[in-house]
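S.K.: Modelling step: build the complete structure from the supplied sequences, incorporating the hints.
Protein sequences, first through last, are from chains Y and V. Heads up: the first sequence begins at 34 in our numbering, then just goes up one per residue. Heads up: the second sequence begins at 8 in our numbering, then just goes up one per residue.
What the hints contain is simulated information worked out from the structure, not anything from laboratory work. Built from N, CA and C at the ideal position, the CB exists for glycine as well. Keep in mind that a hint or two might mislead.
Stated by the list, open to error - Under 10 Å between C-beta atoms, here's a sample of chain Y residues computed to sit facing chain V:
id	residue
1	L37
2	C43
3	E47
4	R62
5	R64
6	P65
7	G71
8	N74
9	R91
10	I99
11	V109
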Amino acid sequence: VSFLLTCPNCGVREVTDFGYGGEISARPRSRPTLRQLGEYNYFRRNVAGVQREWWFHRSGCRAWFIAERDTRTNEVLMTALPAAPGPNGGDAA
Amino acid sequence: VSRLANQPGELINRDKVIRFTFDGKPVEAYEGDTVGSALYADGRRTFSRSFKYHRRRGLLCCAGQCPNCIVAVDGAPGVRACTEPVREGMRVEHLNAQPGLELDVMRATDIVGGPFTPPGFYYKTFIRPRKLWPVYEKVLRHAAGLGVLPKQQPDREWRTEYRRRHADVLVVGGGTAGQRAASAAAERGEDVVLVDEGPVPIEPIPGVEILARASALGYFDGIVPVWQCDTLHQIRARNHVFATGAIEQPLVFAGNDLPGVMLSGGAVRLTELYAVSPGSRAVVATTSDHGLHAAAKLADAGVHIAAVADLRESRSAAAEQLSARGIEVLIGHQILEARGRTAVQAAVVGPIGVEGASVEKTFDCDLVVVSGGFAPAMSLLLQAGARTRYDAARGCFVLDELPPGVTAVGDVAGVDEAGADADAAAVAVPPPVAGAGHGKCFACLCEDVTAKDIKLSVEEGYDSIELSKRYTTVTMGPCQGRMCQLPAIRLMAKETGQSLEQVGTTTARPPWVSVPMGILAGRPFEPAKRSSIHGRHRELGANIKWAGDWRRAYDYGDPQAEALAVHRAAGLIDVSTLGKLLVRGPDAGEFLDRLYPNRFSDLKPGRIRYGVISSDAGRIVDDGTICRIDDDTFYVTTTSSGAGAVEEWFSWWLADWRMRVQLTDLTQGLSAVNLAGPRARDILAELTDLDCSPEAFKYLDGKQANVAGVPCLILRIGFVGEVGYEIHFAAAYGEHVWDALMEAGRDKGIRPFGLEPQRILRLQKMHILVGQDTDSESTPFGAAMPWIVKLDKDADFIGKWALEHYAEEEPATRLVGFTLPNGHVPTEGAVVMDAAGAPVGQVTSSRFSPVLDRVIGMAWVPSPLASDGSQVTISDEGTTMRAEVQTRPFYDPDGEVLRS
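M.R.: Pasting the structure below:
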């Protein structure tokens, strides 16, 4: 893969600057069933389309941020630092 | 050197002679020559031996497109002589021929081996007896291939560079159309890069960066890698213009691979650019006016044109002009055979549609010029997502749809830059093969695939072009289909009865140009981390090895004695590689409670607790100690190899939870040493005002104090099993603190110890090494650390849900210690077997313990066997041994020494 990402702190950089954190998934908030836990740990939606995902500016400011990327074209539609946490945590919680 | 008179566009400088060698023999050339033009001028006609049949091959395209002139230059194989500029003293050698180019014993494969070497022959001829395959393979591998990579170090030392370039527009191809497109884009104010691989210099264009003698290798998601000399430019442009031109196609006829058969463009290039006559007497075979123009040019340069065979049914104006010069133009004729022993001596032509010796005409000649029409060079466009269709009038596949941001200009787009009229552009589509009865007709020169081979592959069921490609390897050689794709498609259409449209093209894949692996690899970049004390380890003669990115002292010559010194007096080890994180803020305690299965919010300032990081799947990720410095500040150490990953892990959850915590990575900024042993306390006390008594400075206390005048954080921990002080301080003081401790310990028997004795010492205590004793399946329960998991914590924590589940279930295997009575130390990774001999676990660590005088280790064993006194069988590469399980530390099991 090869595309550009806009780090919210540093600006446009090559994708090789970044670490990929995978699609944003919801962490169980109360005790999950074994199946739910397995799905959370091991299953991904793997959408063909726009996906919200984590990125880490490994060779830059070392900030984690959120991107919306079209997995079919690698077009990055949006990047942003995570919003303030919700009542039960942040974006992934 | 025999040359023609001055040619108007020649690239050579006749005042400057360049000398090089070919197979050891001296060759003279002019500056501006290529290796190919110089050798041709020197009289050489055979440049290589073919891949499979070892047939002679000579210059064909003179444009770096065909495989015929591949040689080795200064030991590096895979260089095309026809485009490689001559350099003084360069060493050029032939490839793929034994003992030499002119006498090649493997030629036998062509003369007698024909029936044994059909497509897929290694699955047919060499299948029986099966036992002999290793022998066959060795012989085949030796016989095949295009040269040998140099093994001597000097030849391999070659520094290559990567360069990244962002541009508005990238233009590939510096011909008329490419230059025009680059110039127009630059005038619009755009940042333009123009790439050209040709030998003809391009005049500077304002606002355009020109990469000359550079080849675009492919199109990867908007990046075009461009190879130029020792540099790989990785060019990312918003818009791409491809002006890659069209490639003249050879004709498929008997003996079409004989030296002296040359594409019309090649013959003209030799004449015009290098003033080298391609031959003295030529037969020209063409499907368009292109060959006729070439015939006129060659005649101008003094080549006698014996005959011209024009495949078209009507006589063009160019043909009339040739006739007017007294040149015989045979309309409606095709070439059937090139004949000769080591090079062309005669050509046979005949009228189309009529067969038989009576209508064939044979001409003596030393040059056969062929022009089979042009195919657009679309590979890069196809890689970028362009689609094609078959154009019956032009007899080739042409561009149909282009992706956004991609433009094609010039010949590749079907635009004839010369502006020729419709009549002149008229092309006859050649038959898939002509003169098949006369001898081998090659569809693919790179891989020695004949028209007959493609027929056979269809008969054997490989009836699609992609299957035939994989079976016969047609289009898979160094020319990457430039010379063979269209002929192969025509042959497939003929043999399957399909239209060319139905047969279609094979998928275009990079690299478009043969490229040395070293260019793709780039400059080796192996950053090494060294601690601030590294110089001392070298002075002490340490055995220094890689440990991840770090260079570390494994031992100082005697790991056993070093381990014993820690037990009997004192040892000092550099542990600067430990990951060190400062976690600070009002929420710091709660943050760590959420990250670790155990609790840290209740840790008192000045105290230390061991922690294991688990993933949400309940698996062990890393471990280390955590010292609470004050209410808001925790000092976290991680494993050396996990330092980076733990920092990323912490900051990821912090980004998600948005707690009032600040993370600071101090791994590089701080150094650390571990002073351990019965005399460690005395040594430390000499260098600090701190009360080091066991009552004042207890096990798992963390204190800030000056040591040898340097502000330090001293952690009293026991990784190696003796009283130990892990001293952390600013890296700049590394050697100063090390020297002070060594000096203070001199009369107390201190010894520096390395990583290897540390591994013995920690194994005696069954302190795990994450990644050594654990893997991605290990849970704290299996790893015998259930006490680390505090499921009664109020807060949610990473791994809680999975660990709640694992807490209720008996793990299949558990990590235990074992001892062996005999002296054999099993290999780490040795197998633990059950009674039936089936593998049920493995040894993760094993050492001889000098203080215990026996072999100890740790292993994963089935839970029923994970109790003191159980016997397990270990199989180590054929040796079987009985080990006894032990679940408590081998040394100081109750921690009395540690706490003293």
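S.K.: Now look at each hint and say whether the structure bears it out.
M.R.: Structure-based check of each hint:
The beta carbon of L37 of chain Y is positioned within 10 Å of a beta carbon in chain V (closest approach about 8 Å), and the interface hint is therefore held. The closest approach between the C-beta of C43 of chain Y and any C-beta of chain V is roughly 15 Å, which is over the 10 Å cut-off, so the hint fails. The beta carbon of E47 of chain Y is positioned within 10 Å of a beta carbon in chain V (closest approach about 7 Å), and the interface hint is therefore held. At a threshold of 10 Å, the smallest CB-CB gap from R62 of chain Y to chain V is about 8 Å, leaving the interface hint in force.
The restraint placing R64 of chain Y at the interface with chain V holds, with a minimum CB-CB distance near 6 Å, inside the 10 Å limit. Interface restraint check for P65 of chain Y: the shortest CB-CB distance to chain V comes to about 5 Å, inside 10 Å, so the restraint holds. About 9 Å separates the beta-carbon of G71 of chain Y from the nearest beta-carbon of chain V, less than 10 Å, and the hint is met. With a least beta-carbon distance of about 4 Å to chain V, the hint placing N74 of chain Y at the interface is held under the 10 Å criterion.
Using the Cβ-Cβ criterion of 10 Å, the hint placing R91 of chain Y at the interface with chain V is satisfied: the shortest such distance is roughly 7 Å. Checking I99 of chain Y against chain V by beta carbon gives a least distance of about 9 Å; that is within 10 Å, so the hint holds. The criterion of a C-beta within 10 Å of any C-beta in chain V is not met by V109 of chain Y, whose closest approach is roughly 13 Å, and the hint is violated.
Checked against the numbered hints above, the structure breaks hints 2, 11 and satisfies the rest.
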